[in-house]
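2 protein chains.
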Amino acid sequence: MVENMEQTQSKPTEDKQLTKQRILAAALDLFSVYGFSTVSMRELGKAVGIKESSIYYHFHNKVHILEMIFEEVYSQIELQRARFMDALQVATSFERKQFIATGVYYVEHILLDNHLYKLIRMLTIEKQHNEKAAEMYTQLLFHWPLNHQERVFTYMMNAGLIKQDNAEELAAEYQAIILYVFQKYFSGATEFNASHMQAAKRELEQLLARFYNRLGKGDGLS
Amino acid sequence: MVENMEQTQSKPTEDKQLTKQRILAAALDLFSVYGFSTVSMRELGKAVGIKESSIYYHFHNKVHILEMIFEEVYSQIELQRARFMDALQVATSFERKQFIATGVYYVEHILLDNHLYKLIRMLTIEKQHNEKAAEMYTQLLFHWPLNHQERVFTYMMNAGLIKQDNAEELAAEYQAIILYVFQKYFSGATEFNASHMQAAKRELEQLLARFYNRLGKGDGLS
DNA sequence: GTCTATAAATGGATAGAC
DNA sequence: GTCTATCCATTTATAGAC
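If you read the sequences in order, they're chains S and B.
Residue numbers for the first sequence follow the numbering used here, so the first one is 346 and each next one is one higher.
Residue numbers for the second sequence follow the numbering used here, so the first one is 346 and each next one is one higher.
Source of the hints: derived by calculation from the structure; they are not laboratory data.
Among the clues, some could well be false.
Pairs involving identical chains hold if they fit within one copy or between any two copies, as the list cannot separate such chains.
Unchecked claim - Straight-line distance between alpha carbons at most 30 Å, and here's what the computed DSSO-like set of lysine-lysine pairs gives:
hint, residue 1, residue 2
1, K391, K361
2, K365, K407
3, K391, K442
4, K442, K508
5, K508, K463
6, K391, K407
7, K477, K391
8, K391, K365
9, K477, K508
10, K361, K463
If you're wondering where the values come from, they're calculated on a predicted model, not measured in any experiment.
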């Protein structure tokens, strides 16, 4: 189902940590598609290329694996924050093309980032019955991005780059657009190809352009 | 885990169809929270109040139950269409209060309708690995509502009720707001209480009011 | 129509050899 | 560190009594 990527290094030294990481990666791969409780230790072992009994050398039990993945989400949130900060550093210029490109970048390289995307898909399943997963899900897709966007719009209003408005509501509208496109095109089971990706980008650019036009001071922009 | 709700009726007559319905209802209850493959026939039987072996009198096997639920989704789509049509019949007046109330009604009484809400939650899980579920999910939350909203906005533009614009893009913006609120407040594992519901309504009204203001012809409205 | 009993497969987890 | 072998609980599903 899932093959291992690196056959190169197999030195008996740091193999312990390496295998542990491979188990976590394979677990996320499987959990994000089938859900935690559906995936058996046998399947997981097969995906990693070891027997299921060997997994117990690295983890206490099955839920321990899930807990380790959950813990990783928090550091992933930090990473997302940092990466998004970089992407929005340029926002001080606030040019139309730049504004749209930033939103597209957010979907294409942060939400659809290989690792975060799998985490989101896993949380999408687990949040239905797991309170902690539900909490992480809203933090990841709502609370933090909204908080960030609100600060960006506040800054822009104070700098006179956009007309006065409610920054919190603007942030909500912005995130609504982002999540709408993300879920419309990337929420299902289907592998997404290039043309699929193109369609998503086209609609996102369209909606962001409309949003951008509404931000203007009525004079210089658009 | 789940106890049965009705001990009252046990007449030997039409019990066959009735029990079948009770099994389907209990199955949806459990599948929508834990996912299809996680729920065992024992749990399901316990929820209904019969032994798991008795379920096989009503259904060929476990997947047969899922298939029956899936089939029901299509009729549910029709029902949603009819109900939404009723709700939007009034839209010909297009008064601010009415416009907002219609959107709130859509979330509160259609998306959060007991049955449809469970279907959506179930599809949220199954879509990750089931193509048919993924298809239904996008039909239910994207394709059909967008199609409907586009027709509504087109009609309104032709009637001169709102200023000329791209109806398809307007529909996308509208649905983005609806889904944003729906998922922000009702996507998790937590039971939602009255104050939670109030917060959701408040934000939805806020965003719909902003959307409404953008639709105006620049003169009479707002 | 629902029950008990049971078959056959699969689940998580441990013990101990190498 | 990973293996084989094994334990025991639970799973889906069937057979047959009532």
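Consistency of the hints with the structure:
1. Only within a single protomer do K391 and K361 lie at most 30 Å apart by alpha-carbon distance; the minimum there is 17 Å, versus 44 Å between protomers.
2. Only within a single protomer do K365 and K407 lie at most 30 Å apart by alpha-carbon distance; the minimum there is 13 Å, versus 35 Å between protomers.
3. Taking the shortest Cα distances, K391 and K442 never come within 30 Å of each other, neither inside one copy (47 Å) nor across copies (59 Å).
4. In this assembly of identical chains, K442 and K508 lie within 30 Å of each other by CA distance both inside one copy and across copies; the values are 18 Å within and 26 Å between.
5. Within a single copy, K508 and K463 get their C-alpha atoms no closer than 38 Å, and across copies no closer than 42 Å, so neither meets the 30 Å cut-off.
6. Proximity of K391 and K407 under a CA criterion of 30 Å is satisfied in both settings, with 15 Å inside one chain copy and 26 Å between copies.
7. Within a single copy, K477 and K391 get their C-alpha atoms as close as 28 Å, and across copies as close as 27 Å, so both meet the 30 Å cut-off.
8. In this assembly of identical chains, the alpha carbons of K391 and K365 lie at most 30 Å apart only when taken from the same copy (14 Å versus 39 Å across copies).
9. For a Cα distance limit of 30 Å, the shortest separation of K477 from K508 qualifies neither inside one copy, at 39 Å, nor across copies, at 46 Å.
10. Proximity of K361 to K463 under the C-alpha cut-off of 30 Å is restricted to the intra-copy arrangement: shortest distance 24 Å within a copy versus 43 Å between copies.
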